[in-house]
Structure formats: structure tokens, C-alpha cells
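Asks: Reassemble the complex: the two chains are provided individually, in unrelated frames, and hints are given to aid placement.
The residues making up each chain are set out below.
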Amino acid sequence: MTTIGRMSSSSQGLQNMDSVAGMQKRMAQLQEQVSSGKAIQRASDNPGGTQSVMTLRAEHARITQYTKNIDNGLLRLNTARTQVDSINDQLLKVRDLVIQGQSSAVPANVRSALAAQVDVLRSSLLVAANGDFAGRPLFAGATSGATAYDATGAFVGDANAVSTRVDDSGSTVRIELNGPEVFGSGATDAFALLTTIAASLRSAPADLAANLVTLDSVITTARGAQATVLSRINQLNELHDVTADRELGLAGALNAVENTDLAKAVMELTTQQTGYQAALYATAKVMQPSLMDFLQ
Amino acid sequence: MATWTGISTALSSLQAQRVAMDIAGQNIANVNTPGYVRQRVQLSSGLGVDVSAIQRLQSGVLGDRARTEGARLGELTVTSTVLNEIEQVFPEPSSTGLATKLDALWSGFADVARDPSNAAARIQVVEQANVVTFWLNDAAQRLTDMSTDYKQSLANLVTSANSYAEEIADLNIAISQSVQGTSDTNSLLDQRSYAATQLSNAIGGTFTIDDANIMRVALGGTTLVGSSSYAALQVNTTAGTTSVQWESNDATAAITSGTASGYLDTINTVIPEWTASLNTVAAALTSKVNTAQAAGYDLDGIAGAAMFTGTTAATIAVAFSDGAGIAASTIAPTGGVASLNGSNADTMSALGTVSGGPDGLYQSLVVSLGYSTQAANQSAQTQESFNSSIRSQIDSESGVNIDEEMANLLTYQRAYEAAARVLTAIDEALATLINRTGLVGR
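Listed in order, the protein sequences are those of chains U and B.
Heads up: the first sequence runs through residues 1 to 296, numbered per this note's numbering.
Heads up: the second sequence runs through residues 1 to 442, numbered per this note's numbering.
Any given hint could be a false lead.
[Said to hold, decoys possible] So these bits of chain U aren't anywhere near chain B, every CB distance computed over 12 Å:
(1) R95
(2) S124
(3) G153
(4) A204
(5) A209
[Claimed, not checked] Simulated DEER-style distance windows between Cβ atoms:
(6) A239(B) <-> D245(U): 53 to 63 Å
(7) M27(U) <-> S389(B): 18 to 28 Å
(8) M27(U) <-> S117(B): 54 to 64 Å
(9) D293(U) <-> G35(B): 22 to 32 Å
Simulated from the structure, these hints should not be mistaken for laboratory data.
Here a beta-carbon is modelled for each residue, glycine too, at the ideal position from N, C-alpha and C.
Next comes chain B alone, as it looks inside the complex (with noise of 0.2 Å):
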């Protein structure tokens, strides 16, 4: 052994005893930094001690599942999202829902057959098949207004997808230029894992990295992201259906699953067909009520006249505003006379029972939503603790300990002082040799 390796030796385990305090510290300053990877250094003997990478302690095949779920959850969290919404448009049961509107109609045709020459009573069923058809008209409305606001979300969201795609892109040139094995790529790495997670969380697709370290990011077989480019997406819609296209061809990109994937399933199956079952429930209302005042005679004696026109929630109107166009009377007028029974009003009083009336339609939807939006809200809860397990996971394997981290500082402390004290003791050794040494009889 040379004289000089005992020094060479200290000083290597001093210089590595450092970095690996530096990477506790890192690891310490990065405690709540979401998507970070906890670092270890990877020490080897050689002459002393080397530094021979600082690994960065994550497993792929965990990364891979919390994209895939992180995908699926985000698709589930808007289904439940929306259901819950929508549902807000049909608050049921209470007393501001359509049920009760409708019970008031109904109830207002029986106060006129009670009284058929009551004005009061038929004036007053006017106003209330208004409050009906105007909370139709409403109820439509917010249904569009939601379709818009999750077309402004969804572009939002392709905006920012975009965005996440090419920092990938970015960060694979990046890293195929870097040093692996170092802090500075670790960090690279991190930042490129944690815009793939966001990405997958957005819109989905297929994540591989290959063995250059390289992330390659694709959509039902179309690259998204490449080694060094990516492709960007845009919104488009065309004939009332949205998609997601390729901004190159206008090709539609194939997103199954993500947030994205929830909003094009909200914009162009849920929410239409909502506003569909919704629509059934105005035509029931325009049709029975229509057919009912066509079989009787109004006030004057004339054959009833349609009382609503319009067979959408969004279009449905009441059609008469004078009272006496309420056909209560079965009985045609005698001698030009009208007749002042209340049969047909009585029938029109019993339409909340009939079979494929607007009552029974409504109430199916409003509880057909109750079970799809409970549905939907189990599935995301079910999903949510699926996700959060994977995350425990990763974390377990990944997340830094504030404990762990401050046991090593110790070790590598100690470590350090351990090794300047060899490095006292070889100097101090030598110190003897070469200055006591060889002075016998001086």
C-alpha cells in the first residue's frame, strides 16, 4: 500500500459522505413536492469509497397502474360530477320541483270543475300550466348552459393536454442529453413522470418508456408524443357532436378514458339524453292536455283549442292567456248556449294518473337519474380508494420519510466524522514518521 492512500482513502469517504448528506438534504427540502422521487445514493467500495449513482426509487409497473386508474378516475369523477349537476336541475323531491307544479295544475282543473263559471279558478289554471311550461322552459335551458360549459372545459382542458404533451417531449430531449444516474436527471425524470401522470389524468393513452429513457405517448395507436415532438389536439364540433381531432388531419383522436373522455361522453350522450327524457315529459303534458280540452267546450260554447303548443321543454308554451278558453264542459252548447259542466275539466283533473302521462314520465326520469347518479357517485367513491391505495403504494416506495431522511443525515454525519478522524489519525501517524523518526543521537 502506498503512503499516501490512507489520505486518498479519508478524503474519498469524506467527498462521498457529503453528497449523500446533500440527497437527504434534497430529499428533506422535497418532503411535500407532489411527483417527487426519493433519491438514495448508491455507494461502492473501490479504493475508499465511490459514489456510484444516486438512484431514484420508483417502480414502473406502479407508475404505469396510477396512470391507467388515474385516467380512469378522472373519467368517473365527471360522470358522477355531471349526474349530480343534473340533478340539481330536477330537485326532487321538494317543493320547487315539477311534480308539485304539476299537482297544482291538476288540482286547479278540479277547481274549476267544482265551479265551471268561477273565473277566479280558470285564470288561475292559466297561471299555473305558465309556471309549469316556464319551469320546462328553464329546466332546458340549464341543461344547455351545462353542454356549453363542459364544451369551454374540455377545450380547456385539450389546451392544456397540449401543453403537458410537448413538456414531455421538452423533457425527452432533455433527458437523452443528460447524465443518468445523476440528481440533476432524477429531477428531470420526476418533472417528466409527474406532466405524464397529468397528461393521462386529462386524456388517457398508452405510456412507454424504452430503454433509452425515452417516454412515448399514444392514443389508440397514434403517437402523441415522440422522442423529441409531439402532436397537438384541438375541439371540434360538427353536427352537434363534439370531438377531440388531431390538429394535423382533423383525424378524431381515439380518447377512451381521462377527464376529457368523461366531458365528450357528457357533452354527446349525457347531457342529450337527459334533455331527451325531458322532452317526453313536455310532449305527454302538450299532447294529454291537448287531447283532453279538443273533447270538451270552453266557456263560450266553442270546441276547446289546444292549450300548449310545442312538444320540447325548451318550446313548449301555453297558448291561451284568457281563462274561458278552458274546455271544462263535456257537453256541447244547446241553442248556442254554452253549458256550465264540469266533466272535462274533471277528466283534465285526473291526468297526473294516466298511464304515459307527463307525472308518471317524469317521475321515471327523476328516479332513473337518482339510481345513475348514486351509481356514478359509488363508482368514482370505488375508484377514488382504488386510486388512493396505488398512491400509499407509491408512496411507500417513493414518498420521503422525514424520519429515514434524518436517520441517514446521522449515519453520513457520523460517517464524516469518522472518516476526519482517520484522517487525524493518518496524519498525525505520519507525522511521527517523518518528523520523530531517525533523530536518534541528534
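Pulled out of the complex, with its shape left as it was, chain U reads as follows (with noise of 0.2 Å):
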């Protein structure tokens, strides 16, 4: 302030009424920050502060919708791998079955029976092979079809891999199996070779020792799609955890720079309001007498 020697009536009460605003505007600034929890109200407040709460924000909706992502994928996968399961255990029984049949103590009854449980495990296995997640079957690629599998066991689908972003640099995680990735394709996938076993269990029992090496590679395809999925899985589950991290890493950092720091805010609005009641009754104190006071 300017050294003033004279002080009028007037520019008296102007400067206590400017400096008890002063006082009055930062209290309600402080005011507004309690109250709404918020350090920024905007973006003048702190530019700077403005610039990480948007970027945090908009990587927090990333993040959100990657753990979206993940968790989706989870549970596509977990109901391919129950499917992959059961379809695994499927096989292992016509193995055993086509085993049964290879003995030629075996009578001819005995094997139509066999081929009798070989149909039924194969409609069994088409019901697997045609399984749904939310209404889509899991193992027909990105086709816009309703199944997997036709009634005679044939492929129609496609081959579209369906992935799903899991980080900001674009990485993505396959969350399904195609149909001949788990059943084979072709002339050996799992449907033709189990028609063909069934075949031969009725009427020639002696291919079927080269049914089996054929059927061993359906499984052998089958236990890797099996393999195939649970790894996905357990890369879904660390991404899961890792995801989970920096949600958490993040919401601490906006916490930090978007949230009221309460017991700071508080602490200075007291200093202020001690201030501003120190101002007011010095105003009361100044204002108050003048010489007509104490002329008789």
C-alpha cells in the first residue's frame, strides 16, 4: 500500500470494505471447495490440475471398459471350456467304445450296440460343438449364423477370430475356439470320423484299428483346445488383477488431484474466518468514533 498522510472519511471506509471483500471472496472459495469436495471448480482454478483430472477421467472410462472387456471374455471362455470339457470326456468314451468293438470276441449285436452309443455320443457332441454365450455359438467365428454345426456335423461358420482390447495399446486377447480348432477339420474332424467308427463298429470291424490312430488326433486336437483355453483364461484372470491395479492406482491419483484436501481446506477456512472477524471488529473499531464524539 502507498504511504498516505492524509486519510480521508471516506477512502477510510473504502479500504476496510476492500480489504474485508478480499477476506470475504477467498473464505467463499474456501467455502465452495469444503462443500462440494472438489479442489477444482474450474479450470482456471488450476489449469494444470484441469489437464490430469480430464486425462485421468478419460483413461479411468478406458479402463473401465477393458475390465468390461475382461470380464466378458472370462466368461465366454469358462462356458468354452465347460464345452471343451465335456466334449473331451465325450471322446474319451467312443475311444473306449471303438476299443471294445476292436476285440473279435466281440459279436456283431454287441458292436451294433456299440455303433448304436457311438450316434448317440455323436448328436451329443454336435449339441456341445453347438453351444451358446448370449445367444451366439461359441465356436462359429464372428458368423452372423445361429450354429456351429449343421445336422450332418458340417462346419458353418467362419473363421474370424472374435478378440477383445485389453490395454490402451491396443492388445488384444482371443476370447473363443473355432469349431475345427477343438473338433479338426475336414474329412477327419470329429463329426465325419465318428460317423465313419460307427460304420465300421456295424459292418467293418476291422478298420477300425486305423479309426483309432485317426480318432487319437481328434483328441490330441481336442486336449489342445482344452490346453488352448485355459491358458487364455489364466491370461485373462492376470490381466484381471493387472486392470484391477491400475483402476485403483488411478482412482488414488485422481482422489489426489480432483478431491479437497478436507482437513487442509478446513484448517484455512478457520484461518480466514479468524482473519475475517479480526477485520470486521477492527473495521467496527476504526469507523466508529470521529471528533464529533467527543466535541461537547
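Replies: The following block contains the structure:
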């Protein structure tokens, strides 16, 4: 403040009002911070902080999506795993039946009973192959068709991978298995083979040995699929943890920039209030007396 | 010394003290009058005492400074107010700003990517796109409204500047016709000085007072107020540019400070600048999303159509209302059957992070607006405290102090009483001389 020799009555009042108004403004700001819980009310309060908040919020929105993607992927893969497990079990049962039928001691009528069982297992396998997740066939790629295999056991899906984004760099994880990856492809896929095996049991038991070799390779493919599903599930589980950690870290960072440090703000508010009261008191004391009070 | 000199001396004192008490009273009466300059009686001794002048205690230099700085403050205050208002249009960081709406749009695309067959997710993206375009349209509209409001404010300001200019010209005439150094002239000077401050705050200008006590005002060298007349101003908007003109010849008046300068800057530069900034956000949204759409195939297997039309914040709109139109798939339909691939929707869900995308542009808009507003607030605040220190200085010279006036009043009252006593004493002495002398032996 400038040194002033002479004070006029109105400037005395004005100066007091200026300083009181300044304190009121600062108090209002602090009160706003405390009551809203937000340290930044508008961008000009803290432009750098605003940038951080906006960046962190956008990142938070993206991470929420990655979490959803991962959860969705896990659900889908777990459903696929159930199907793949049961497919493996059923293929092993077929293998048992083939081995039973190979024995020359088995009479023809028993073989045809075994063939009937193979037929049943084939139908059951077809049901598993058309298993769905949220209304979409699990093993049919990105097709818009309702099934992965038609009634004859032919693959009607497509080979397009279904992947989901798991981080900002654009990394994706496949969240499905394609039909041929589970059942093999072409003339030696599981369905064609089971049809052949049933036929061999009924009329050409000599072919069963060769059938068994092919079946083993189908089983290997199915086991491979089982392992693939499990490893993808593990990968997503790990990503789930990593993403959850990041989300937590992000929430902490956002909290630090965006939210009011209540203890600090309340302390400052109290200090300001004390100052404000002192200023009011001083104003009242200074403004009140004039020479007139002392003239008789 | 003549016999009656004492009486006239006492009388002159009685009269002078009365005038002095009147002036003290006048000062006290105007303790809170804006622009009032305190007056002081200048006494001089001759035969008794004379009131030689009634002084108006103001320094010309400070007055000039106050006007210049007042004009600057007027301009800076407008700049800061306008930026704060613009900041209200972009309420960040909050859940009502565009950033949150864009985040929701990109999340919507991610939902579609997870399950492209989900009609609800698709329609939600279209709805969210509508929310975004509505927000942009609304922000553009609010900026336009602000511009209109400020044009109106400028027109009002110029009207009042005209009336202040007229008042100064009128007061110039009145002052030139009145006797200098009287209380009446002083009050005219106060009025003129007050009008000059108001005029300067409004439109700036150069103020000069000549030896004959005539105030002249010029804007960029052209006379606004002369010795007895003034030139009127008007507001004109041609080809989107608003200017203040001389009414006489439609030439642009040079306004470089004052509230009017702030308004002109707001209308011609500030609002158009931030509107342009917002337009780049809208244009980026349209181009990024439409480009991504064109790379994919919609639910019916048709190559993706443009999702947004318009490249300004005021005109941007969503082009389709059917969620099936979202080109979620990157895979062309095979044999007429559309693929339920979601890769393109996934790409679109990441548009929030692409360089040159709407999010980044919007963020830099908000941040640079924040910095500008902060700087403008600080300049206005600094100027304000500077002005208040000048005001204090002027006040310390020209303002009324009641204590001081009371003390003066006392002094003059006592002097009056003393003069009255002198009169009585002379009266008694003369009475003795006239009535008691020469009575010996009577």
C-alpha cells in the first residue's frame, strides 16, 4: 500500500471494505471447496490440474471398458471350457467303445449296440459344438448364423477370430475357439470320424484300428483346445488383476488432484474466518469514533 | 488609523469566518459524494481579512493517471469477465462437460464391440452421439448469444459515452462563463471531472485541460469533445466485424482502451476465437468417426455410412437414427451374410486417444481457456489494486476528512467568536470615548 499522509473519511471506509471483501471472497472459495469436495471448480482454478483430471477421467473410462472386456472374455472362455471339457470326455468314451468293438470276441449284435452308442455320443457332441454364449454360438467365429455345425456335422461358421481389447496399446486377446480348432477339420474332423466309426462297428470292424489312430489325433486336437482355453483364461485372469490394480491407482491419482484435501481446507477456512472476524472488529472500532463523539 | 477601521476589520473577519464555516459545512455534506473534491478557503490579510479564493484541492497529474488507469481497468475487467463467462460454457472438470459425454460415446462403441448383435448397445451409441452433438450445438449457441449480448452492451455503452461527452461540452460552456475560484465553479469542475472519469472508463481517450479551464477529449487524434461541442459515436456491424464509428462520417473511431475496447475485442476476437476452437473439436469428431465408419460394415453388411454431418459446433448432427448403421465389423459380408465381427467398433472405441481426435482438441481448448482466464483474472486484479492505490492517493488529497472539517469548524467558530468580541471591545471603547469623555465639571 502507498504511504498516505492524509486519510479521508470515505477512503478509510473504502479501504476497510476492500480488505474485508477480499477475505470474504477467499472464504467463499474455501467454502465452495469444502462443500463440493472438489478442489478444482473451474479450469482457471488450476489449468494444469484440470488437464490431469480430464486425462485421468478419460483413462478411467477406458479402463472400465477393459475391465468389462476382460470379464466378458472370461465368461465366454469359461463357458467354452465347460463345453471343451465335456467334448473331451465324450471323445474318450468313444475311444473306449472303439477298443471294445475291436476285440474279435465281440458278437455282431453287441457291436451294433456299440455303434448305436457312438451315434448318441455324436449327437451329444453336436449339441456341445453348438453351445452358445449370450445367444451366439461359441465355436462359430464371427458368423451371424445361429449355429457352428449343421445337423450333418458340417462346419457352417467362419474362421474370423473374436478378440477383445485389453489395454491402451491396442493389445487384444482371443476370447473364443473356432470349431475346427476343437474338432479338427475336413474329412477327418470329429463328426465325420464318428460317422465312420459307427459304420465300421456295424460292418467293417477291421477298419477300427485305423479309425482309432485318427480318433487319437482328433483327441489330441481337442486336448490342445482344452489347453488353449485354459491358457487364455489364465492370461485374462492375470490381466484382470493388472487392470484392477491400475484402476485403483488411477482412482487414487484422480482423488489426489480432483478432491479437496478436507483437513487442509477446513484448517485454512478456520484461519480465514479468524482473520475475517478480526478485520470486522477492527473496521467497527476504526469507523465508529470521530471527533464529533468528543466535542461537547 | 481611522476611527472606524477596527469595526470594519472585525466585520471582515466575521464575514470571512462565516464563509469558511460554510465551506466546512459543504465539505462535510459531501463526504460521500463520488467525485467531490474538498474545498478550502484561502484567506489573505488586507484591511482585516479577505476571502481571496475558494481552493479546489486536486492535482491534475493524479486525475490524468486515474483516468488512464481507469480506462485500462475497464478493458481488463471486461476481458476477465468474458473469459469467465466462456469458461461457464465449458464446465470442466465435471460430469456435465463434453469430456464425459465423449468418454460415454467411446464406451458405447466398446459395448458394441463386445457384442455386435446387441441392438440395445447399438441404439445407445446413437443416443450418446446425439447427446454429444446436442452439447456442441448448445455450446455454440451460448457463444453466439454471448456475442449478441455484448453487442447490445456496447450499444448501451456508446449511448452513455455520448451523453457524458455532451455533458462535458455543456460543462465547458458553463465553466467558461462562470467566475473562477468560487464554490459554484468548483462544483461544476467536480461534475466535469466525474463525467470525464466515466467517459474515460467507457471509451478511453486523451484528456487535456487548457489555461482557460476548457477540457478537450480526443480519440486517436480526432476531437470527441471541444470547447463547446462534442462529436457523437455509433456502433456499426459490417461483414461480421463490429466497430465504433463517428456518427458524422461513418469513419471508425480509434478505441484502444476502456470498457468499449474490451467489448470490441470480445465481439471481434475472443468469442470468434473460442468458437473456432470448438469448431475444430466438432470437425475432428465428424472426420474421425466417419473415416472409421467408412472402413467397416454395418449390421446389414453394407459399407459404413457417415455417422456425423456438419463440421462446426453449431451444425454438427447425427446422420442416422438406427443402431444397425454402426459399422462394427471389419469383415465384408460373405454370400450376402453380414459378419458379427466387432473389430471396427473396437477401433472406434479407441478414437478417444487418437492424435488429432476430438478429445485431445477439446482438452487443449479447456486447458488453454483455463490459463487465459487465470491470466486475465490476475491482470484485472493487479490493475484493480493499482487503481485503488491511485484512488487512495487522490482521496488523500481531495477526499473529505470529517475530523479535519470538525477541527476547521471549531477554529473558524472560535475566530468568529473572537471577532465578535473584538467588535464588542471596540464598541465599548468608542462608547467610553463618546459618552464618557468631556464630561468634566458637567
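Asks: Look at each hint and say if it fits the structure.
Replies: So, going through the hints one by one against the coordinates:
| no. | hint | result |
| --- | --- | --- |
| 1 | R95 | holds (35 Å) |
| 2 | S124 | holds (27 Å) |
| 3 | G153 | holds (20 Å) |
| 4 | A204 | holds (38 Å) |
| 5 | A209 | holds (40 Å) |
| 6 | A239(B) <-> D245(U): 53 to 63 Å | holds (58 Å) |
| 7 | M27(U) <-> S389(B): 18 to 28 Å | holds (24 Å) |
| 8 | M27(U) <-> S117(B): 54 to 64 Å | holds (57 Å) |
| 9 | D293(U) <-> G35(B): 22 to 32 Å | holds (28 Å) |
Figure legend: structure checked against the earlier numbered hints; every hint is met.
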